[in-house]
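Undergrad: The chain contents come next:
Number of protein chains: 2
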Amino acid sequence: MESLKQRILKDGHILDGNILKVDSFINHQIDPLLAFDIGKEFYNRFQNTQIDKILTIETSGIAFALCAGYHFNVPVVFAKKHTGINMSSVVYQSTVYSYTKQYNYTISVSKQFISAGENLLIIDDFLANGQAVLGLVNIANQAKSKVSGVGIVIEKGFQPGRKNIRSLGIRVESLAIIESFKDNKIIFREALKK
Amino acid sequence: MESLKQRILKDGHILDGNILKVDSFINHQIDPLLAFDIGKEFYNRFQNTQIDKILTIETSGIAFALCAGYHFNVPVVFAKKHTGINMSSVVYQSTVYSYTKQYNYTISVSKQFISAGENLLIIDDFLANGQAVLGLVNIANQAKSKVSGVGIVIEKGFQPGRKNIRSLGIRVESLAIIESFKDNKIIFREALKK
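Here the protein sequences come in this chain order: G and U. Yeah, the first sequence ends on 767 if you go by our numbering, and it's all consecutive. Yeah, the second sequence ends on 767 if you go by our numbering, and it's all consecutive.
Hints are not guaranteed to be accurate.
The list makes no distinction among identical chains, and a pair is therefore deemed to hold if it is satisfied within one copy or across any two copies.
In silico DSSO-like links for lysine-lysine, alpha-carbon gap of 30 Å or less [to be verified]:
id, residue 1, residue 2
1, Lys758, Lys717
2, Lys684, Lys758
3, Lys736, Lys654
4, Lys594, Lys717
5, Lys594, Lys684
6, Lys594, Lys719
7, Lys684, Lys578
8, Lys758, Lys653
9, Lys674, Lys653
10, Lys583, Lys684
11, Lys654, Lys719
12, Lys758, Lys583
13, Lys653, Lys594
14, Lys578, Lys717
15, Lys717, Lys583
16, Lys583, Lys719
17, Lys755, Lys719
18, Lys755, Lys717
19, Lys684, Lys717
20, Lys578, Lys758
These are calculated hints, taken from the structure and not from any lab test. Just so you know, these numbers come straight off a predicted model, no measurement behind them.
Isolated chain G, as found in the complex (with noise of 0.2 Å):
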């Protein structure tokens, strides 16, 4: 999505390296016409695809499962995150490991709003190594829900969130992919690799 990499290179910043700090417009400030955009976008690539439901991880996958859900119609569905409340009689739990911050925590979603059957469409601003997005698969698995495909704002090509998701047979299209931080440069990776 050329918009969105534009902006990244404008407004994105690399931290340490291998940090891509995007608060300006993604995670802290959010730019609603873009979000917008970038949720036509995800419907543009699943639009072929039967999707009943979105479904996303607070806080911010949010904004963008929202305008996804807004071009596709349905409703849109946020995992809450916990520190390890057991609820597991009204929810679906699964744990995920955080790499960044470097430790486990629940995330939840109340049986009544995923359903055996349904079609669904994850949602996430980054992937790294996946692991917020396999804690939802995961979830998806527990309420007998199919995982139609994942959209993520933007992937970091260089870690192994695509190949521990696409081992499920899971189908992963991601609006921007960093192929490396390169002499404090963003690199994308060129569309025809990806």
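Mind docking chain U on chain G? Use the hints.
TA: Just chain U, lined up with the frame of chain G:
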């Protein structure tokens, strides 16, 4: 906002006589088309006011703030919740007491995302005692920005949030105001009494 009130009557549930559960379309599962209409209604109510930025607080406020920001075509900033990290050199912080959860938490906004002289519209999903909104007002004051208004999706009219905010001279617009829960039914405040 009539469509919102009808949806609350249809899908809202009253718990323990005093808690309104709307997690099937507001707090956990979101209806994107309704959220978009809510954003439009905030625009309609504040369109004659100078609004440079939308300010909200994670998590449930984000969807509605984003939709308002889309219609105003201005950036959306969400305050982050922490349990007390001191980063005051780079963020504005405020302490918020949660009556529901009975503890204090810290909210923070990066100093680079609100500026002196900016006109802010604060958006949140619920207004009860108004502590979260007052925390955002406090942050706006630290930044020397101006709060031009507060937009709320659902207000509990029998709690003092509106009075607390109005006492600072700030305009409050709520799209649905609950007057009471009588005999386990939701009674909305009539428009004229608002």
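Undergrad: Decide, hint by hint, whether the structure agrees.
TA: Tested hints:
1. Lys758 - Lys717: Answer is neither; intra-copy 43 Å and inter-copy 35 Å both fail.
2. Lys684 - Lys758: between (44 Å within a copy, 25 Å between copies)
3. Lys736 - Lys654: Classified as within: same-chain Cα gap 24 Å, cross-chain 33 Å, threshold 30 Å.
4. Lys594 - Lys717: between (36 Å within a copy, 26 Å between copies)
5. Lys594 - Lys684: between (34 Å within a copy, 15 Å between copies)
6. Lys594 - Lys719: Classified as between: cross-chain Cα gap 28 Å, same-chain 32 Å, threshold 30 Å.
7. Lys684 - Lys578: between (37 Å within a copy, 25 Å between copies)
8. Lys758 - Lys653: Between copies, since 29 Å is at most 30 Å while 34 Å is not.
9. Lys674 - Lys653: Both: 17 Å inside a chain and 16 Å across chains, each within 30 Å.
10. Lys583 - Lys684: between (42 Å within a copy, 20 Å between copies)
11. Lys654 - Lys719: Cα proximity of Lys654 and Lys719: one copy only (22 Å, versus 33 Å across).
12. Lys758 - Lys583: within (11 Å within a copy, 52 Å between copies)
13. Lys653 - Lys594: So Lys653 and Lys594 pass the 30 Å test inside a copy (23 Å) and across (16 Å) alike.
14. Lys578 - Lys717: neither (36 Å within a copy, 33 Å between copies)
15. Lys717 - Lys583: between (42 Å within a copy, 28 Å between copies)
16. Lys583 - Lys719: Classified as between: cross-chain Cα gap 28 Å, same-chain 37 Å, threshold 30 Å.
17. Lys755 - Lys719: neither (38 Å within a copy, 42 Å between copies)
18. Lys755 - Lys717: neither (43 Å within a copy, 39 Å between copies)
19. Lys684 - Lys717: So Lys684 and Lys717 pass the 30 Å test inside one copy only (11 Å; across, 44 Å).
20. Lys578 - Lys758: Answer is within; shortest intra-copy Cα gap is 13 Å, inter-copy 50 Å.
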